[in-house]
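Peer 1: Residue-level listing of the chains:
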Amino acid sequence: MKSKSIIYFLLPALLLTFLVTVFPLLYGFALGMMRKMPVFGISEFIGLDNFIFLLRDPRFQQSLWTTLKFTLISVPLELLLGLGFALLLREKIPGNALLKITLMIPWAIPTVVSAKMWEWIYNPEYGVLNYLLQSVNLLNESVNWLGHPLWTLPAIILADVWKTAPFAALLIYAGLQTIPEELYESAKIDGAGAFCRLFYITLPLIYPIILIVGIFRTMDAFRIFDLIYVMTGGGPANISETMSVYAYKLLFQTLQFGYGSAVSVAMFWIIALLSGVYVYVLHRKFKVLS
Amino acid sequence: MQLLLIVAFVFIFACTVEKNASETQQAQNDSTIVFKHFKLANARHAFQQAILQFEKQNPGVKVKEEILPSNSNIQHQFYVTSLESGSADFDVFLIDVIWAPEFSLAGWLEDLSALIPEEERIQFFSAPLRADMYQGKLYAVPWYIDAGVLYYRKDLLQKYGFSPPVSFDDLVHQAQTILNGEQNPTLNGFLWQGKQYEGLICTANEVISGFGGKILDENGRVRLTDNAVRSALNWLKDCIYTHRISPRWVLSADEESTRLSFLNGNAVFLRNWPYCWTFFQREESKVRGMVGTAPMPALPGINGKSTLGGWQLAVNRFSQKKELAKRFVRFMASPEVQLQFAIQVGTKPTRKPLYEDPRLIKEQPFIVQLFPILKNTVPRPVTPLYPQISQILQIEFSAILSNIRAVEPALESAQIQIEHVLEIEKLAFDKKSK
Numbered sequence: 001m002k003s004k005s006i007i008y009f010l011l012p013a014l015l016l017t018f019l020v021t022v023f024p025l026l027y028g029f030a031l032g033m034m035r036k037m038p039v040f041g042i043s044e045f046i047g048l049d050n051f052i053f054l055l056r057d058p059r060f061q062q063s064l065w066t067t068l069k070f071t072l073i074s075v076p077l078e079l080l081l082g083l084g085f086a087l088l089l090r091e092k093i094p095g096n097a098l099l100k101i102t103l104m105i106p107w108a109i110p111t112v113v114s115a116k117m118w119e120w121i122y123n124p125e126y127g128v129l130n131y132l133l134q135s136v137n138l139l140n141e142s143v144n145w146l147g148h149p150l151w152t153l154p155a156i157i158l159a160d161v162w163k164t165a166p167f168a169a170l171l172i173y174a175g176l177q178t179i180p181e182e183l184y185e186s187a188k189i190d191g192a193g194a195f196c197r198l199f200y201i202t203l204p205l206i207y208p209i210i211l212i213v214g215i216f217r218t219m220d221a222f223r224i225f226d227l228i229y230v231m232t233g234g235g236p237a238n239i240s241e242t243m244s245v246y247a248y249k250l251l252f253q254t255l256q257f258g259y260g261s262a263v264s265v266a267m268f269w270i271i272a273l274l275s276g277v278y279v280y281v282l283h284r285k286f287k288v289l290s
Numbered sequence: 001m002q003l004l005l006i007v008a009f010v011f012i013f014a015c016t017v018e019k020n021a022s023e024t025q026q027a028q029n030d031s032t033i034v035f036k037h038f039k040l041a042n043a044r045h046a047f048q049q050a051i052l053q054f055e056k057q058n059p060g061v062k063v064k065e066e067i068l069p070s071n072s073n074i075q076h077q078f079y080v081t082s083l084e085s086g087s088a089d090f091d092v093f094l095i096d097v098i099w100a101p102e103f104s105l106a107g108w109l110e111d112l113s114a115l116i117p118e119e120e121r122i123q124f125f126s127a128p129l130r131a132d133m134y135q136g137k138l139y140a141v142p143w144y145i146d147a148g149v150l151y152y153r154k155d156l157l158q159k160y161g162f163s164p165p166v167s168f169d170d171l172v173h174q175a176q177t178i179l180n181g182e183q184n185p186t187l188n189g190f191l192w193q194g195k196q197y198e199g200l201i202c203t204a205n206e207v208i209s210g211f212g213g214k215i216l217d218e219n220g221r222v223r224l225t226d227n228a229v230r231s232a233l234n235w236l237k238d239c240i241y242t243h244r245i246s247p248r249w250v251l252s253a254d255e256e257s258t259r260l261s262f263l264n265g266n267a268v269f270l271r272n273w274p275y276c277w278t279f280f281q282r283e284e285s286k287v288r289g290m291v292g293t294a295p296m297p298a299l300p301g302i303n304g305k306s307t308l309g310g311w312q313l314a315v316n317r318f319s320q321k322k323e324l325a326k327r328f329v330r331f332m333a334s335p336e337v338q339l340q341f342a343i344q345v346g347t348k349p350t351r352k353p354l355y356e357d358p359r360l361i362k363e364q365p366f367i368v369q370l371f372p373i374l375k376n377t378v379p380r381p382v383t384p385l386y387p388q389i390s391q392i393l394q395i396e397f398s399a400i401l402s403n404i405r406a407v408e409p410a411l412e413s414a415q416i417q418i419e420h421v422l423e424i425e426k427l428a429f430d431k432k433s434k
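Chains A and B, in that order, are what the protein sequence lines are. Terminal number for the first sequence in our numbering: 290, no gaps in between. Terminal number for the second sequence in our numbering: 434, no gaps in between.
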């Protein structure tokens with residue numbers, strides 16, 4: 001009786017979850033196996049053809065590679081910066097509260113707004129970055145950060161790190177709060193220096209938190225869309241087109257619902273795989289700790 | 001048990017009442033049409049006035065406005081998703097000039113051929129009409145027209161004794177002379193839109209036509225490997241790297257960033273749309289009263305061509321009130337309403353005779369002055385597959401201009417990709433007509 005009634009209570013939640021997550025996901029899988037172009041009235045089942053084509057599609061490969069580069073550079077940078085900020089926040093320095101608030105501002109600004117902001121900062125004519133670099137004689141000539149094939153991706157990564165490092169800092173800071181103060185005190189008495197304390201107490205204890213932040217950020221970085229779409233539209237020469245941007249263009253600009261869904265499904269599996277690796281590592285780490 | 005019966009009874013009764021209420025609502029709605037359009041700057045009052053007029057002329061009919069953001073990509077996305085599911089939530093809507101073939105092939109637009117009879121069509125500019133036709137039928141009515149314009153600094157050209165450039169060589173020569181003469185490091189020669197987006201295709205389309213080329217010809221053949229196209233892209237590239245009249249940052253420039261730079265007095269020539277004019281005449285503008293407009297340059301013997309832009313009135317095929325909707329389209333596209341909008345908002349009418357109307361000449365001399373440019377517009381490739389074609393071109397043109405790929409291989413690759421895409425259209429069309 002008891003377990004049966006529990007199911008009844010869970011039913012609405014399960015139904016809702018099914019409607020908003022499981023159903024769209026399955027629908028996406030189904031669409032990925034179709035050639036669906038509403039403009040031409042085409043809607044047919046083609047099995048795995050889309051996925052086979054995807055493996056040969058140079059534009060998909062390029063977008064995958066761009067996404068990987070973006071993720072592999074931006075996530076470690078964010079974790080490092082976030083850790084730095086979190087450690088700074090823990091120190092009882094004057095103005096600490098103000099620091100916390102300022103640090104959170106980039107995270108609170110909507111992405112589209114911050115993308116526009118950075119677009120202005122990078123502008124070669126009136127952008128502040130060129131102005132600053134020129135006034136300290138680091139540059140002789142304005143650089144077109146978002147139009148230069150070499151600089152576009154680093155410029156986007158910088159904007160993303162600026163925006164999301166505070167998120168990492170916030171979570172890591174929360175993790176730091178769980179470390180008992182006595183540990184540090186006794187370490188100090190034993191004569192452990194600041195670095196010793198960091199590497200033998202702090203880092204091992206917040207390692208799981210860092211991994212969790214890593215999962216979140218990797219998943220987000222893999223899906224990066226709005227920042228890039230606003231700043232460069234994928235250009236120049238498609239250098240900054242990530243998988244999400246490509247999928248968006250396929251789905252909503254050229255209306256290839258089938259192939260666009262196939263690209264999204266591929267993204268889903270890659271993210272699932274990555275998360276799987278993280279969770280496996282995390283699980284083992286927790287076992288070691290306990 | 002009794003209680004249950006009562007509850008059930010009340011419930012059923014409530015439902016019946018509810019149903020009756022919604023039926024009367026339905027009756028009222030029968031004479032209400034929904035007009036979906038984007039937020040056009042400074043046009044709030046003009047829209048309200050026009051709708052009031054229409055309602056007065058058609059007693060009992062109501063027009064409800066529903067407003068979308070002005071970003072054209074977002075509008076496209078909205079219309080695609082709702083029309084794909086056969087939505088009848090709106091009756092009349094505005095579409096971009098490049099969507100007409102795509103939407104009509106999809107079967108989302110009502111055939112409006114009968115709405116504008118043949119003898120009336122000569123009144124309209126021909127390019128937008130051509131862009132609104134698919135397979136011989138008219139699927140949308142041109143409401144206002146837009147075209148690429150070459151803005152120039154009157155004061156600087158006068159100082160060096162130049163008249164507005166007619167050919168590509170003129171433009172390069174004038175820009176270089178002025179840049180050398182002024183010795184002003186913040187001054188640029190020629191600004192245009194070179195970011196990887198639709199604006200790049202608009203710029204390139206004009207230059208290609210100026211060289212006598214075409215992206216797609218009348219027979220639907222891709223012509224990207226023609227000499228004219230190659231010369232056009234080489235010219236744009238040379239503007240940056242050889243002639244050095246365009247700064248490298250045009251590679252990430254859109255309409256707004258180039259407009260701002262020109263407005264601050266930092267450029268001699270600018271390719272942009274007519275909307276910039278009012279900004280240049282404002283008080284904060286550093287080029288107020290110093291700006292002239294000209295058609296885009298072209299090779300000697302060719303008329304300077306401008307890329308066609310603008311918005312069209314269309315009727316939703318799934319609409320329940322097509323007759324009313326058509327009447328409203330007819331009204332909005334009438335000379336009076338077009339003139340009203342031109343005077344109040346600054347939109348450029350699609351009916352040619354209006355450019356001789358004394359009221360327009362008096363109120364909006366700038367619009368009248370644009371007539372020679374508006375007359376000479378070239379549409380971007382008119383095909384339902386335009387979005388795909390544009391994407392391919394954006395990538396390849398951007399690669400050419402940022403010096404990542406050489407002109408010839410990039411154009412050849414674009415040619416092959418687009419031919420492949422057009423192949424799909426043929427297949428799909430055969431399938432549809434079967």
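The set of hints was computed from the structure by calculation and includes no laboratory data. Just so it is clear, CB atoms sit at the ideal spot from N, CA and C, and this is done for glycine as well. Wrong hints could be hidden among the right ones.
For lysine-lysine, the following DSS-like pairs were computed, each having C-alpha atoms within a straight-line distance of at most 27 angstroms [claimed, not checked]:
| # | chain 1 | residue 1 | chain 2 | residue 2 |
| --- | --- | --- | --- | --- |
| 1 | A | 4 | A | 92 |
| 2 | B | 39 | A | 116 |
| 3 | A | 116 | A | 92 |
| 4 | B | 375 | B | 154 |
| 5 | A | 116 | B | 286 |
| 6 | B | 286 | B | 64 |
Listed next, with one range per pair, are the computed distances between beta-carbon atoms [claimed, not checked]:
| # | chain 1 | residue 1 | chain 2 | residue 2 | range |
| --- | --- | --- | --- | --- | --- |
| 7 | B | 169 | A | 116 | 48 to 58 angstroms |
| 8 | B | 39 | A | 199 | 55 to 65 angstroms |
| 9 | A | 48 | B | 275 | 43 to 53 angstroms |
| 10 | B | 290 | A | 100 | 31 to 41 angstroms |
| 11 | A | 132 | B | 242 | 45 to 55 angstroms |
| 12 | A | 100 | B | 242 | 49 to 59 angstroms |
| 13 | B | 89 | A | 15 | 20 to 30 angstroms |
| 14 | A | 281 | B | 278 | 35 to 45 angstroms |
Peer 1: Work down the list of hints and note, for each, if the structure agrees.
Peer 2: Verification of the supplied hints:
1. A:4 x A:92: At roughly 53 angstroms apart (the allowed maximum being 27 angstroms), residue 92 of chain A and residue 4 of chain A break the hint.
2. B:39 x A:116: Distance of about 20 angstroms is within 27 angstroms: holds.
3. A:116 x A:92: Since the Cα atoms of residue 116 of chain A and residue 92 of chain A sit roughly 35 angstroms apart, the hinted pair is violated (cutoff 27 angstroms).
4. B:375 x B:154: Holds, at about 23 angstroms.
5. A:116 x B:286: holds (24 angstroms)
6. B:286 x B:64: The given pair, whose Cα atoms are some 41 angstroms apart, is violated under the 27 angstroms limit.
7. B:169 x A:116: 48 to 58 angstroms: violated (38 angstroms)
8. B:39 x A:199: 55 to 65 angstroms: Between residue 39 of chain B and residue 199 of chain A, where Cβ atoms are some 57 angstroms apart, the hint holds.
9. A:48 x B:275: 43 to 53 angstroms: Roughly 48 angstroms apart at Cβ, these two residues keep to the hinted range, so it holds.
10. B:290 x A:100: 31 to 41 angstroms: With Cβ atoms ~51 angstroms apart, the hint is violated.
11. A:132 x B:242: 45 to 55 angstroms: About 31 angstroms separates the Cβ atoms of residue 132 of chain A and residue 242 of chain B, which means 45 to 55 angstroms is violated.
12. A:100 x B:242: 49 to 59 angstroms: Holds, since residue 100 of chain A and residue 242 of chain B (Cβ atoms, about 54 angstroms apart) stay within the stated range.
13. B:89 x A:15: 20 to 30 angstroms: The hinted range 20 to 30 angstroms holds for residue 89 of chain B and residue 15 of chain A, with Cβ atoms some 27 angstroms apart.
14. A:281 x B:278: 35 to 45 angstroms: violated (59 angstroms)
Checked against the numbered hints given earlier, the structure breaks hints 1, 3, 6, 7, 10, 11 and 14 and satisfies all the rest.
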